[in-house]
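Using the sequences plus the hints, can you model the full thing?
Sequential numbering from 1 applies to the sequence shown in full-length UniProt numbering.
Quick caveat, the hints were computed from the structure, so don't treat them as lab data. Do not rely on the hints blindly, as some may be mistaken.
In silico lysine to any residue, SDA-like type, Cα no more than 25 Å apart, as pairs [said to hold, decoys possible]: (1) Lys66 with Ser21; (2) Lys66 with Gly242; (3) Lys150 with Glu61; (4) Lys38 with Gly139; (5) Lys66 with Gln82; (6) Lys66 with Gly136; (7) Lys128 with Gln24; (8) Lys38 with Asp11; (9) Lys40 with Ser100; (10) Lys66 with Gly240; (11) Lys40 with Asn127; (12) Lys40 with Asn72; (13) Lys128 with Gly248; (14) Lys40 with Gln71; (15) Lys66 with Glu33; (16) Lys66 with Asn237; (17) Lys128 with Phe251; (18) Lys128 with Ser100; (19) Lys38 with Asn72; (20) Lys128 with Asn69; (21) Lys38 with Lys66; (22) Lys66 with Thr243; (23) Lys40 with Asp65; (24) Lys34 with Thr130; (25) Lys150 with Asn92; (26) Lys150 with Gly139; (27) Lys128 with Thr108; (28) Lys40 with Val137; (29) Lys38 with Thr243; (30) Lys40 with Arg101; (31) Lys38 with Pro138; (32) Lys128 with Gly232; (33) Lys40 with Gly242; (34) Lys34 with Tyr119; (35) Lys40 with Ala135.
Here are the simulated distance ranges between beta carbons [what the hints assert, rightly or not]: (36) Ser114 with Ala169: 52 to 58 Å; (37) Glu52 with Glu131: 29 to 35 Å; (38) Leu170 with Ser115: 58 to 64 Å; (39) Glu23 with Thr50: 20 to 26 Å.
Beta carbons: idealized from backbone N, C-alpha and C, even for Gly.
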Amino acid sequence: MLPLPVYGATDYINDEAQLFSPEQTNQLNQEAEKLGQKIKGGIYLVTTDTNEEEPRSFANEYLRDKVGNNQNGAVFLIDLNQREMYVATSGNMIDYLTDSRREEFFDTVSSDMSSGNYYAASTTFLNKMTEYVNAGVPGGHYRIDEETGKISYYKTITLLEGFIAFALALVASIAFFVIVKSRYQLKLGTYKYPFRANTQLELTENENRLINSFVTTRRIPRNNTSGGGGSGGSTTNSSGGGTFGGGGRGF
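Here's what the structure looks like:
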């Protein structure tokens with residue numbers, strides 16, 4: 001991927017197509033930086049009217065160049081040459097931006113993109129990404145590898161859930177100890193078990209041999225128009241040694 005010219009370029013906004021005013025670029029940059037700090041990664045917006053590469057490949061490569069493989073980040077690509085918008089995600093943003101959330105975002109900005117209101121669409125991108133991050137990863141979330149169909153489930157325990165689990169375990173342990181001690185405690189020195197006379201040891205040899213093992217995966221058909229994957233899933237693809245999420249839509 002050739003480096004983009006630096007028209008309207010800041011740390012997080014690369015406006016090669018010159019769609020934004022300097023004031024708009026600065027405002028977008030501030031919001032992108034704020035969200036990037038929250039996810040401990042980077043959030044980027046890129047506009048181009050000269051790209052001839054597949055938008056997915058372009059966006060994946062751009063994001064990898066910025067944050068590295070499998071690090072936290074997202075990029076919103078506005079490709080005027082191919083009339084496509086594309087969002088690529090990496091790291092924790094794959095899980096925050098599920099397929100259904102991505103399609104919800106595209107539905108929201110579709111009118112602005114079609115009418116050429118790219119600043120409004122870019123502002124919505126940052127607002128929606130912030131909304132999704134604040135809402136957290138949906139319950140029952142999973143990733144789907146589009147090539148193999150393999151499903152990997154995502155499991156998190158909140159601070160409150162962890163505290164409740166710890167408290168319940170502590171109470172149960174104390175109760176078990178008290179009950180057992182009260183029922184079976186023997187007075188010291190009143191009884192000595194003749195373990196030498198009553199001990200019997202028998203050893204047997206048992207051999208287990210693994211013949212075969214199997215791993216079962218489920219292939220979920222791809223939805224080429226929307227990315228698919230269900231309300232809690234994120235479809236992933238591999239590129240250059242990294243794993244990326246995301247998808248695109250024409251405008």
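Check: Taking the CB of Leu170 and the CB of Ser115, does the distance hold inside 58 to 64 Å?
Finding: Given a distance of about 59 Å, which is inside 58 to 64 Å, the answer is holds.
Note to self: Does Asn127 sit within 25 Å of Lys40, going by the straight-line distance between their CA atoms?
What the structure shows: Holds, at about 17 Å.
Margin query: Just to be careful, I want the Cα atoms of Lys40 and Asn72 compared with a cutoff of 25 Å; is the pair within it?
Written below: holds (7 Å)
Note to self: Given the hinted pair Lys66 and Ser21, is their Cα-Cα distance within 25 Å?
What the structure shows: Cα-Cα ~23 Å, so holds.
Margin query: For Lys150 and Glu61, compute the direct alpha-carbon distance and say whether it is at most 25 Å.
Written below: Answer holds: Lys150 to Glu61 is near 24 Å, not above 25 Å.
Item checked: Restraint status (C-alpha distance of Lys66 to Gly242 at most 25 Å) -> Holds, at about 13 Å.
Check: Holds or violated: are the alpha carbons of Lys66 and Glu33 at most 25 Å from each other?
Finding: OK: Lys66 and Glu33 at ~13 Å, within 25 Å.
Note to self: For Lys38 and Thr243, compute the direct alpha-carbon distance and say whether it is at most 25 Å.
What the structure shows: Holds: Lys38 and Thr243 sit about 21 Å apart, inside 25 Å.
Notebook entry, point to check: Is the hinted range of 52 to 58 Å satisfied by the C-beta distance from Ser114 to Ala169?
Noted result: holds (55 Å)
Next item on the list: Starting from Lys128, check that the Cα of Asn69 is at most 25 Å away, please.
Entry: holds (24 Å)
Next item on the list: Below or equal to 25 Å on CA atoms is what counts here, so check Lys66 against Gln82.
Entry: holds (23 Å)
Check: Are Lys40 and Ser100 close enough, with their CA atoms no more than 25 Å apart?
Finding: Within the cut-off at roughly 23 Å; holds.
This entry satisfies every hint, going by the numbered hints stated previously.
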